[in-house]
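Asks: Residue-level listing of the chains:
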Amino acid sequence: MISKTFFSRKLLLSVILISSFDLPIVGKANEDISFSAPNLHTQTLAASCAACHGSNGNALVGNAVLAGMDKSYFISQMLAFKNGDKSATVMHRHAKGLQVEEINELAAYFAAQKKVPAISPAMQRLKANHD
Amino acid sequence: MTKLKSINTASNSRRHFIKAISASGLLVSSYSLLSACANNTKKSATGTVVIIGGGYAGATAAKYIRLWSVNNIDVVLIEKSTQFVSCPLSNLVLGGSKTINDLTFGYDLAKKNHGVQWINDEVTVIDTANKKISMKRGEISFDRLIIAPGIDFIYDSLPNLQSTEAQKAIPHAWKAGWQTVNLRSQLESMFNGGVFVMNVPKAPYRCPPGPYERACQVASYFKNHKPKSKVIVLDANPEITSKKGLFTKVFNEMYAGIIDYRPNNLVLDVDIKTKTVKTDFDTVSADVLNIIPPQRAGKPAQMAGLNNIDKSWCEVDFLTYESKIAPYIHVIGDSVSAALPKSAHMATSQARVCASAIVELMQHRVPDQNPVFANTCYSYVDDKQAMHVANVYRYDESKKIMVSAEGGGVSLKPSELEGGYASAWATNIWSDVLT
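In order, the protein sequence lines correspond to chains G and P.
Start counting the first sequence at 79; every next residue gets the next number (my numbering).
Start counting the second sequence at 823; every next residue gets the next number (my numbering).
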């Protein structure tokens, strides 16, 4: 981790240059971690497919399971919907609204998702105190 | 509660730290470098997000903030009900092909699977300046707040319908639950040859195609069980507000002689005893009457003073869903002022953009500047056939709003194939939102 050492050294240097007031903060900052996704745009876009295709593409019923789907298959299907080469009830509407770059990134995103069995929440009897 | 307070203190001191170093440009840049390559094994809370409302929007935001912050952000959700009752598909209860219990779920998996703290309580005061919320049984502080309260009804023009008693006689059934059950049982008790009268409030309201779907569901029930009965639809709008061509065809063909659709018919007055409705042009008597009142942002949004558009809806930044008038307070779902349909899928799409933005903002990073999301909305015209309206929406940098992308539109005709997809939509979205 050459870059990490480099950054740590740079940080240390910065801290030394600043007044001692800031010194105790460094430990605090060290606890901070980054948990951002590499591609926020695709992560949010992909999640909006969940209504029909389940969390991270793990559909329970009815529609294609996108999790773990082969990248090139995903791209070929979506482009076929987009270009009108493949008929659909609704998918052509979504494919046409996406840019080719977005389709490519969605393909990579879903290919990287684990196939996990999705679950349904259990149905309940409506309680008397509900509106 | 104590745990939450201590977390807040930690994140407050962190905020002060950020403030303190802001004065020195040098350390600011070091700080961001550090964030980018810090040790991933140590976890530390970066603050608390409180969410008001556990509907489609609120429950989705809770789950995705936890997922996308890898459980680093604490999420507390306040919901007055212990059950989730789906509005989508609730018109099928009126048609008789579903029961309310098919659409009712608990929150146990949503809580357990994602470590969301759930508070079953009702919000009484929202102090946006001091970032504090009072509830009937306690109070809580937040770093950021998401308000996802759904809709509230406006009774200004129909004050006599405000009481619980009046709503028992004349249900709105526009929030799924006992109101839906009540309307169904009134339809079941009605004699063959009776008249069902319903209205459509002025747009914008929750679920644009919903009232027309309802008319179809009741007509379908009548056609099969009470063929002499009629459905009269009094629409305050000049025309059908969603899937117009499709619904017009269904009304005129599938339900010819049953559905009587009347545009430009704003409900002006309702006589509860006689179930008589007065509009600009008509006086109509009903055997079963369903009045869907005009709507505005849910009560918590009003409490926080966020309903700045027409005193009804909340103006937000579409990159973050942060209110335009109160920093650190976000609004998602039906309460948002937008040229977007107030649908369940839309609520979840907004919730995820908001969740992603909050995760970034709480790490002092810049959220996605070009959000894109999908909306698919199905309407059932009988117990089996459905039709869709679907669009991709894309952020427009110059207009600063979400606009529909090319390719959106509606079904050619209702079909059983799409009825199956509509059912799968419900199963998959419930799984995504509630587990």
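Since the hints were made in silico from the structure, they are not lab data.
Given the structure is predicted, the values throughout are model-derived calculations rather than measurements.
Some hints could be false.
Unchecked claim - Quick list of the computed label-pair ranges, beta carbon to beta carbon:
(1) Pro195/G / Asn1086/P: 32 to 38 Å
(2) Glu961/P / Lys149/G: 19 to 25 Å
(3) Pro195/G / Phe1013/P: 15 to 21 Å
(4) Asp1139/P / Ala115/G: 17 to 23 Å
(5) Pro195/G / Glu987/P: 36 to 42 Å
(6) Asp1205/P / Val139/G: 47 to 53 Å
(7) Thr921/P / Asn207/G: 50 to 56 Å
(8) Val139/G / Asn923/P: 18 to 24 Å
(9) Ile197/G / Phe1103/P: 27 to 33 Å
(10) Lys193/G / Asn923/P: 30 to 36 Å
(11) Tyr151/G / Tyr1150/P: 39 to 45 Å
(12) Glu944/P / Pro195/G: 47 to 53 Å
(13) Arg1187/P / Lys149/G: 25 to 31 Å
(14) Val947/P / Ala115/G: 46 to 52 Å
As the list claims (entries may be wrong) - Mimicking SDA-like on lysine to any residue, the simulated pairs with C-alpha atoms at most 25 Å apart in a straight line are:
(15) Lys1024/P / Lys953/P
(16) Lys164/G / Leu1234/P
(17) Lys192/G / Lys205/G
(18) Lys934/P / Asp974/P
(19) Lys160/G / Ser1226/P
(20) Lys164/G / Lys1221/P
(21) Lys1071/P / Asp1205/P
(22) Lys149/G / Arg1216/P
(23) Lys205/G / Leu931/P
(24) Lys205/G / Ser1011/P
(25) Lys160/G / Leu1234/P
(26) Lys164/G / Leu931/P
(27) Lys205/G / Leu1239/P
(28) Lys1133/P / Lys1235/P
(29) Lys1071/P / Lys1097/P
(30) Lys1221/P / Lys149/G
(31) Lys1206/P / Ser154/G
(32) Lys174/G / Lys1024/P
(33) Lys1146/P / Asn1192/P
(34) Lys1235/P / Tyr151/G
(35) Lys174/G / Ser154/G
(36) Lys1100/P / Arg1084/P
(37) Lys953/P / Asp1205/P
(38) Lys205/G / Glu987/P
Virtual Cβ for every residue (Gly too), placed ideally from N, Cα, C.
Asks: Checking each numbered hint in turn, tell me which of them this model violates, lowest number first.
Replies: Those not satisfied are hints 1, 2, 3, 5, 6, 7, 9, 12, 14, 15, 17, 18, 20, 26, 27, 28, 29, 30, 31, 32, 34, 37.
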